[in-house]
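Quick note, the sequences are listed as chains A and B, same order.
Each residue of the first sequence is one higher than the last, beginning at 1 in this note's numbering.
Each residue of the second sequence is one higher than the last, beginning at 1 in this note's numbering.
Wrong hints could be hidden among the right ones.
Counterexamples of contact, computed for chain B against chain A with all Cβ distances above 12 Å [stated by the list, open to error]:
(1) R35
(2) V90
(3) R92
(4) G108
(5) D119
Lysine to aspartate or glutamate pairs mimicking EDC-like chemistry, simulated, CA-CA at most 20 Å apart [stated by the list, open to error]:
(6) K690/A x D104/B
(7) K291/A x E30/B
(8) K144/B x D104/B
(9) K677/A x E75/B
(10) K571/A x D498/A
(11) K408/A x D119/B
(12) K291/A x E75/B
(13) K107/B x D688/A
(14) K502/A x D526/A
(15) K380/A x D498/A
(16) K677/A x E336/A
Don't read these hints as lab results, they were simulated from the structure.
In this text, a Cβ means the ideal position worked out from N, Cα and C, and glycines have one as well.
Take a look at the letters that make up each chain.
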Amino acid sequence: MDNADNPKPQRSRAAKWTRRGFIGAGVLTGGALLIGVGVRPGNPVGKLGPIVANGEGEQLINSWLKIDANNVATAIVPHCEMGQGAHSALAQMLADELDADWSMVRVMQAPADGNYIVTDTARLFVAPGTVDAPDWLEPTWNGLFTNIGRLADAMITGGSSSVRSTGQHTMRIAGAAARHMLVAAAAKSWGVPASEITTANSMLSHAASGKSAPYAEFAAAAAEQDMPQTPPLKQPKAYRLMGTDAPRLDIPSKVDGSASFGIDAVVPDQQLSYAAVRRVPVPGTRVTSMKAEQAEGMPGVLQILNMGDFIAVVADGYWQAQQALNLITAEYSEPESTIRTSDDQYARFTAALDEAGDDGGDKAASNGDAVEAFGSAATKVEVEYRAPYLAHSPLEPMNATVWVRDGKCDVWTSTQVPLMARTAAAKATGLSTDDVTIHHPLLGGGFGRRLETDYVTMAARIGAATGYPVKMIWSREEDTQKGLFRCADISRFKGGLDQNGKLVAYNNVFTQRHDPPGSFDCAFYDIPNKSIRVAEAELLLPFASLRSVDHGQQGFFIESFIDEAAGAAGKDPVEFRLGMLGQSPRHKAVLEKVAAMADWGNTPEGHGKGVALVESFGTIVAEVVEVDMTSGSPRLVTVWCAADPGFAVNPDGFRNQMEGGIVYGLTAALYGEISLKDGAVEQSNFHDYKMLRMNECPAIAVEIINGDHVTLGGAGEPGLPPVAPALANAIFAATGKRLREMPFAKQFA
Amino acid sequence: MHKYTLARPLVLTLALALAACGSDPEPPVEQIVVREPGAPVAAPSEAATSDGAAADPAAAGKAAFAACAACHSIEPGGASGVGPNLAGVVGRKAGTLAGFAYSDAMKGSGITWSEAELDAFIANPAAKVPGTSMAAGAVSDEAKRAAIIAYLTGITG
Numbered sequence: 001m002d003n004a005d006n007p008k009p010q011r012s013r014a015a016k017w018t019r020r021g022f023i024g025a026g027v028l029t030g031g032a033l034l035i036g037v038g039v040r041p042g043n044p045v046g047k048l049g050p051i052v053a054n055g056e057g058e059q060l061i062n063s064w065l066k067i068d069a070n071n072v073a074t075a076i077v078p079h080c081e082m083g084q085g086a087h088s089a090l091a092q093m094l095a096d097e098l099d100a101d102w103s104m105v106r107v108m109q110a111p112a113d114g115n116y117i118v119t120d121t122a123r124l125f126v127a128p129g130t131v132d133a134p135d136w137l138e139p140t141w142n143g144l145f146t147n148i149g150r151l152a153d154a155m156i157t158g159g160s161s162s163v164r165s166t167g168q169h170t171m172r173i174a175g176a177a178a179r180h181m182l183v184a185a186a187a188k189s190w191g192v193p194a195s196e197i198t199t200a201n202s203m204l205s206h207a208a209s210g211k212s213a214p215y216a217e218f219a220a221a222a223a224e225q226d227m228p229q230t231p232p233l234k235q236p237k238a239y240r241l242m243g244t245d246a247p248r249l250d251i252p253s254k255v256d257g258s259a260s261f262g263i264d265a266v267v268p269d270q271q272l273s274y275a276a277v278r279r280v281p282v283p284g285t286r287v288t289s290m291k292a293e294q295a296e297g298m299p300g301v302l303q304i305l306n307m308g309d310f311i312a313v314v315a316d317g318y319w320q321a322q323q324a325l326n327l328i329t330a331e332y333s334e335p336e337s338t339i340r341t342s343d344d345q346y347a348r349f350t351a352a353l354d355e356a357g358d359d360g361g362d363k364a365a366s367n368g369d370a371v372e373a374f375g376s377a378a379t380k381v382e383v384e385y386r387a388p389y390l391a392h393s394p395l396e397p398m399n400a401t402v403w404v405r406d407g408k409c410d411v412w413t414s415t416q417v418p419l420m421a422r423t424a425a426a427k428a429t430g431l432s433t434d435d436v437t438i439h440h441p442l443l444g445g446g447f448g449r450r451l452e453t454d455y456v457t458m459a460a461r462i463g464a465a466t467g468y469p470v471k472m473i474w475s476r477e478e479d480t481q482k483g484l485f486r487c488a489d490i491s492r493f494k495g496g497l498d499q500n501g502k503l504v505a506y507n508n509v510f511t512q513r514h515d516p517p518g519s520f521d522c523a524f525y526d527i528p529n530k531s532i533r534v535a536e537a538e539l540l541l542p543f544a545s546l547r548s549v550d551h552g553q554q555g556f557f558i559e560s561f562i563d564e565a566a567g568a569a570g571k572d573p574v575e576f577r578l579g580m581l582g583q584s585p586r587h588k589a590v591l592e593k594v595a596a597m598a599d600w601g602n603t604p605e606g607h608g609k610g611v612a613l614v615e616s617f618g619t620i621v622a623e624v625v626e627v628d629m630t631s632g633s634p635r636l637v638t639v640w641c642a643a644d645p646g647f648a649v650n651p652d653g654f655r656n657q658m659e660g661g662i663v664y665g666l667t668a669a670l671y672g673e674i675s676l677k678d679g680a681v682e683q684s685n686f687h688d689y690k691m692l693r694m695n696e697c698p699a700i701a702v703e704i705i706n707g708d709h710v711t712l713g714g715a716g717e718p719g720l721p722p723v724a725p726a727l728a729n730a731i732f733a734a735t736g737k738r739l740r741e742m743p744f745a746k747q748f749a
Numbered sequence: 001m002h003k004y005t006l007a008r009p010l011v012l013t014l015a016l017a018l019a020a021c022g023s024d025p026e027p028p029v030e031q032i033v034v035r036e037p038g039a040p041v042a043a044p045s046e047a048a049t050s051d052g053a054a055a056d057p058a059a060a061g062k063a064a065f066a067a068c069a070a071c072h073s074i075e076p077g078g079a080s081g082v083g084p085n086l087a088g089v090v091g092r093k094a095g096t097l098a099g100f101a102y103s104d105a106m107k108g109s110g111i112t113w114s115e116a117e118l119d120a121f122i123a124n125p126a127a128k129v130p131g132t133s134m135a136a137g138a139v140s141d142e143a144k145r146a147a148i149i150a151y152l153t154g155i156t157g
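Hey, can you work out the whole structure from these sequences and the hints?
Take a look at the structure:
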């Protein structure tokens, strides 16, 4: 890498952080180099070394990188891989700064160990918008977050944060620091100035003397060099791998079937038994009696457990366990909540919203006087939208394999929160976290469901009861009905337009606020009088973040309302939005881009085009949906997507994530609905909780704008929020029918 | 440079810390140990063996139906699952149970479920009603089919 164009480090959080950070290296007697970057003092060498680098005599300090004798560089990544490509993208960021040959780069899942907490993610989750603390406070601030991270088991994959936090602020520094040390070691050995040594493709070269060597040759010596605390990071024009479609490292194993997921777990040298489980049908109730005589006589059955909040059958095989479980009948206690049906749930929201009125509830955001401005508006738009509960439905159902014995517990499971899983297993078994080991392989889908540890707790309780290794697997029905859910909600708007059709009053109230902060707002629009409020109301079903979290329903509410306001103003939906984006040039550019992609303004007979613009997880996304309504019900034709994530580290991966978010969002828009009857979930499997099918999938075109290479946005979630409102707006454009409730398909049955 | 708010992170810290805690160890309310893994099966279950079938066809049917119960309820008046409720299916016109989303193929099959029609369908659903949603659950064993149908005949809707 040529640093001449980059004399001093860019002002990024990365550079600031490591100034107070702690970077260590250790010599590996096996010829491998381990580089560590952390943000705290301490020496976890003895503990981590044997876990992440298995050679004899290896030394390690907070490690994110190892280089072995074959010149293979392995990035040790603290985030999990659930199909989103984080493993590969983070390795790509490290490898670029290292000047590594991509074909010689591997990735390793960091173990579930407190030393691998992702402090940067903890910041993002706990105090977004506070990351630019002044320099003088940074050490304290940093320390605070490290402590928070440890306390909260902050080894989290979520919030579309892996690349923009850990990638940008840890992996790149690890790569750059290692490169610096390799150069220093070679300079000393060759007796030449370090500034004359160049690096490329995992090789060191000195042009004047003609000397060159693979990194591996100087790995051990490099580990003894001084560790730079603020290694210069590349400017975009020096990127070799970032910004390219470097082939993903996890694809081959997924093609040839060798990839291992949580449900594939085996316990070495042990016979595995299987548990099928049935949770109480209504959240919060208990099993009051159980009839299991028939199940006891079924083939393969080992144990039947009434755990109070669930029933489990342990058998030689999973099928046997599930068959026996199907024969067990039970009685349950009366639920505490009086919510029994979806209508009851919506009535709860309506009551809270009525009580809040025009000015009640918690103020979430406000400027100007929305009530006064609405009162004097020339044109008024009063509308209400609703969204139902949703289930995550990952392809791999909830499962965990547990072996509790001799004061130890091992857990094999797919999780987005390995340290929280460890804590959950410890609590469930009465052991200390030091006695619990989490093995967390690839995830067969997460979508936020695996940010929860309820299923780990259940498996650990079963394992504690049996004392032998058990793999607990939820049936699809159990997974659809008994887990945690995206909340339902109702949102009300009172909008006012002035004589010129400008939106001057925006008064909004809804009942559910979870994450991320600010997801209820559209601050990029210039609206002079705004009041956004939360009127809290009870949810019957327990909540879990679902891909894009509150942006999922809020995107639908807000961008449907904006479209209705445009209609009331008699303006084109794109033009109306552009008129409010005077202070938001990046949003404007994204919207103009998608309008151009979609040939906005030209629509075939019987079709409709709708647009929506949402910023979420730091990424600005505008989408246009074209829908064909000639048959009377919606047929998806094309989705155009323009996105500005700051900088797309792997454009192909980024486009994949936009496409995935769009398809997941279209599933929710057309079909997604978890409804309640007798306090329980009515849907049970994919026949009544439908996914978008291949033959229904529209053509999808994605274009990327790289608008800010320092502060990056996420990829996993931002593609989702605009698609439901864009589809509703397209259906309106085609038919004049305004959809104010999700899902849409049943409204055309 | 943003203003930072100390109150918010601290409050959320607590929330995160609490979220990280599970419940205290909660042992089973009831624990029925049938046998240990690897231990020999003590005695074959009556209902599940062919001997049992000879002795008690209804019990054999009930046992054989366990494979069907994953999708089909037989509780009279009970909700349908992945498949329709089968209480009273014998003698019913195919594709007519209210509230169940049948395939068009099933709705248009014109079948009325006699014992013979059921036997042919369960033997190979996709051959009997091409386009049926019943993608799994074919029973190749003739005796088992007979037992299942006998069992279903006894359950009226």
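Non-conforming hints, listed in increasing numerical order: Of the numbered hints given earlier, those the structure breaks are 1, 8 and 11, listed in rising order.
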